[in-house]
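Trainee: Hey, can you work out the whole structure from these sequences and the hints?
Going by this note's numbering, the letters in the sequence shown line up with residues 224 to 403, in that order.
Keep in mind that the hints were calculated from the coordinates and are not lab data. Please note that a few of the clues may not be correct.
Using C-beta positions, here's what the derived DEER-type ranges look like [stated by the list, open to error]: (1) Trp-283 - Leu-335: 30 to 38 Å; (2) Val-381 - Pro-247: 18 to 26 Å; (3) Val-381 - Ile-270: 22 to 30 Å; (4) Val-259 - Leu-229: 32 to 40 Å.
Glycine residues also receive a C-beta, built at the ideal position from the N, C-alpha and C atoms.
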Amino acid sequence: MRWGDLPAIALIGAYLGWLLFEAPVTFRGAVPLKDVRTLVPYALARIATFGSAILLPAAWPPATVRAVGAALVFLGGITLREVAIRTLGRFYSHHVAMRTDQVAVTSGPYRLVRHPAYAGMLLAHVGFVAYFANPVALAGLAALVTAVLWRIRVEERVLWDMPGYPAYATGHPRLVPGVW
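Mentor: Here it is in structure tokens:
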């Protein structure tokens, strides 16, 4: 190992730590069969993005500015995601479902977008892929974005029946303010 490898190892460690941190939510309860059709492509795209980023050589070596910027985007994305999860509290799940007592949450990052946990997760992957900089990881990221956009559409069909959600949805973009 060379000293120059330490930042990459730290970023990989942070990614794996993030997975472990969310593991209790990830593995809480059985996956409903109706959820499998969006969860599997999402999970496979996430695995492909991570795996190709760390296993394949970078298209260009990480310059300090790009590496630091990419790491900050990665950590910022994780922070946004975890704040969104904490804001939803007991209503948060990795499964497309709605509790009978659930209401639309409009505080915290939900003031800006309807799906800040997805936005944070995608932002983290943008930073991760930018750090490791290889075209296969970029293709994995494109697949992940596609899977998340599909999952959001499926999730919103369920959320639309929640009291207050239609009114909330009309005034808030899904992922990026002013874009979508």
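Trainee: Identify every previously stated hint that the structure contradicts and give their numbers, smallest first.
Mentor: none
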